[in-house]
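Colleague: First to last, the protein sequences are chains A and B.
Reading the first sequence from the start, the letters are residues 0 to 41 in numbering that gives the first Met the number 0.
Reading the second sequence from the start, the letters are residues 0 to 463 in numbering that gives the first Met the number 0.
These are computed hints drawn from the structure, not numbers from a lab.
Source: prediction; values computed, not measured.
Heads up, the beta-carbon is just placed ideally off N, CA and C, and yes, glycines get one too.
Among the hints, erroneous ones may be present.
What the hints assert, rightly or not - Footprint (simulated), chain A over chain B, 3 or more residues, beta carbon under 8 Å:
#, stretch
1, 65 to 78
2, 290 to 299
Stated by the list, open to error - Over 10 Å on every C-beta distance to chain A, these chain B residues come out as not near it, computed from the model:
#, residue
3, Lys45
4, Leu101
5, Phe204
6, Thr208
7, Thr283
8, Thr342
9, Leu346
10, Gly408
11, Leu413
12, His450
Claimed, not checked - In silico lysine-lysine, DSSO-like type, Cα no more than 30 Å apart, as pairs:
#, chain 1, residue 1, chain 2, residue 2
13, A, Lys13, B, Lys169
14, B, Lys40, B, Lys169
15, B, Lys40, B, Lys319
16, B, Lys217, B, Lys45
17, A, Lys13, B, Lys40
18, B, Lys178, B, Lys40
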Amino acid sequence: MSTAQSPVAPSTGKLVIAWALVGVPLAYGVYETLTRVAALFG
Amino acid sequence: MGWLDRERTIAPPGFNRWLVPPAALAVHLCIGQAYATSVYKTALVKHFGASLTEVGVIFSIAIVMLGLSAAIMGTWVDKNGPRKAMFTSAVFWASGFLIGSLGIFSHQLWLVYLGYGVVGGIGLGIGYISPVSTLIKWFPDRPGLATGMAIMGFGGGALIASPVSTALLKMYDPNSGAKGWVASGESVGKLFLTLAVVYLAYMMFGAFTIKVPAEGWKPAGFDPTKVRAASLVTTENVSARNAVKTRQFWLVWIALFCNVTAGIGILEQAAPMIQDFFRQPDGTSLASAAVAAGFVGLLSIGNMSGRFAWSATSDVTGRKRIYMVFLGVGALLYTVLALAGSTSTVLYVALAFVIISFYGGGFATAPAYLRDLFGTFQVGAIHGRLLTAWSAAGVAGPLIVNAFLDAQGKPGALNAASYQPALLTMVGLLVIGFVANLLVSPVEARFHEPHAGRVRSEEPALEG
């Protein structure tokens with residue numbers, strides 16, 4: 000029998016930490032790359 | 000180690016499925032380092048007194064091992080669940096760096112081949128496919144978005160590893176301030192040790208965060224009958240063993256192979272290519288080394304964002320249609336690039352950006368395409384087998400481009416016209432891929448799994 004579950008977060012803090020752990024390094028990488036890309040339009 | 004078993008990772012009621020994408024990203028961001036090896040390539044050439052080709056073999060072995068291990072271990076990954084797979088991948092990936100560092104410190108290049116290439120490559124393959132099946136089961140309503148998020152990480156991993164590795168090499172090498180500095184072998188060895196520790200920790204975070212949905216789980220408001228109504232999308236299931244016997248699997252294999260081969264053709268040659276395209280009659284280029292580096296960076300962003308954007312879009316358009324765009328529009332853009340790309344740098348950069356976004360999109364959309372055709376039953380294992388197309392393209396793409404360019408002249412003396420034969424060959428490949436994709440039709444019922452008598456761990460997510 001199918002059981003529909005609501006996607007409501009039981010622990011928002013856990014969610015924020017998990018996304019920050021991957022999001023912050025990724026944002027840093029994108030930022031560093033964009034500074035190199037700037038040379039293309041400079 | 001029972002705590003790694005699939006049964007121990009079943010999500011409790013109320014578990015937030017949005018915790019799964021960061022777990023998947025944690026693994027893909029780490030293994031994406033494979034595309035940042037150029038940072039220390041010159042240092043290894045100098046350290047080992049080897050040729051560029053001999054050092055380049057390290058990366059080639061890793062990519063071949065990725066395809067082989069994904070194909071061979073796919074069924075094991077589906078059976079044992081994502082936690083055990085991610086844990087295994089983390090151990091292999093970190094061990095690869097440790098063995099590689101031993102090879103660097105002891106001046107044994109073969110140890111780097113064995114470590115980073117073979118052992119690390121196995122970690123790459125298992126890590127790449129480990130979260131795919133789980134994501135598809137958590138997001139039956141948006142499989143393209145879910146797998147796009149994870150596979151975007153593989154493109155993003157290089158964006159992080161590249162500047163971090165450069166900074167660490169400078170920190171570890173006391174001569175880093177010298178003019179014309181090339182990092183010492185010792186500093187690369189220390190970099191490998193550092194990456195082993197950091198990646199192991201990050202991937203363990205992914206392994207211990209990921210959970211599989213309980214049997215019969217579905218997201219609130221999700222109606223499987225709507226999925227069934229879409230053309231090409233099945234709610235039946237096909238085993239990995241049967242999938243490779245179908246025409247559909249090989250048509251998608253050809254489509255992916257053609258798309259990847261064409262993309263690699265540009266990626267491999269990105270920096271010299273832009274300089275050659277804008278080479279003046281006196282031999283100088285309008286594109287400086289800094290501009291070429293910026294172009295490579297822009298392609299990395301295009302590759303990464305294409306993985307997410309196109310894969311997410313495929314949830315709306317359907318997988319077959321988006322592949323028609325990758326291959327059909329890609330062929331048109333490639334033709335314009337070959338024939339008119341040298342008329343304007345803006346045109347050239349814009350064309351290359353979109354083409355590379357299609358390259359990334361092809362990778363990220365593939366798992367959802369397989370889900371549509373073969374169901375969720377062993378989609379991870381089928382995806383693993385499909386990735387042999389990547390390995391084959393990794394060999395074919397550079398071979399095609401380099402063979403044509405070698406025939407046109409020596410590096411530094413090439414211009415836009417020198418690239419036309421290679422680029423127009425890629426157009427031909429994309430047309431073949433387009434036709435293959437066009438021929439994809441629903442899988443015949445004789446390949447479907449019977450509905451009764453399946454063991455619990457193999458029960459498809461959408462049934463219950």
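Colleague: For each hint, tell me whether it holds in the structure or not.
Modeller: To see whether the hints hold, each was checked on the structure:
Residue count for the stretch 65 to 78 of chain B with a Cβ under 8 Å from a Cβ of chain A: 0. That is fewer than the three needed, and the coverage hint is violated. Interface restraint, the stretch 290 to 299 of chain B with chain A: holds (8 residues with C-beta to C-beta distance below 8 Å; minimum three). Here Lys45/B stays apart from chain A, with its beta-carbon at least about 24 Å from theirs, past the 10 Å limit. Look at Leu101/B: its CB is around 27 Å from the nearest CB on chain A, clear of 10 Å, so calling it non-interface holds up.
With 10 Å as the threshold on Cβ separation, the claim that Phe204/B sits away from chain A is violated: the shortest Cβ distance comes to roughly 6 Å. Distance check for Thr208/B against chain A: the nearest CB is about 6 Å away, which does not clear 10 Å, and the non-interface claim fails. Residue placement check: Thr283/B keeps its beta carbon more than 10 Å from all beta carbons of chain A (closest about 17 Å). Every Cβ of chain A is farther than 10 Å from the Cβ of Thr342/B; the closest lies at roughly 17 Å, confirming the non-interface assignment.
No Cβ of chain A approaches the Cβ of Leu346/B within 10 Å, the least distance being about 13 Å, so the stated non-interface status holds. No beta-carbon of chain A comes within 10 Å of the beta-carbon of Gly408/B; the shortest separation is about 26 Å. The claim that Leu413/B lies off the interface holds: its Cβ sits roughly 21 Å from the closest Cβ of chain A, which is beyond the 10 Å cut-off. Look at His450/B: its CB is around 15 Å from the nearest CB on chain A, clear of 10 Å, so calling it non-interface holds up.
Distance hint between Lys13/A and Lys169/B is unfulfilled; the C-alpha atoms sit about 35 Å from each other, more than 30 Å. For a cut-off of 30 Å, the pair hint linking Lys40/B to Lys169/B stands: about 15 Å separates their Cα positions. For the suggested pair Lys40/B and Lys319/B, the alpha carbons sit about 39 Å apart, so the restraint of at most 30 Å is broken. Taken as a hint, the Lys217/B and Lys45/B pair is broken in the structure, with Cα atoms around 55 Å apart against an allowance of 30 Å.
Only pairs whose Cα atoms come within 30 Å are accepted, and Lys13/A paired with Lys40/B is rejected, the gap being roughly 39 Å. Taken as a hint, the Lys178/B and Lys40/B pair is honoured in the structure, with Cα atoms around 18 Å apart against an allowance of 30 Å.
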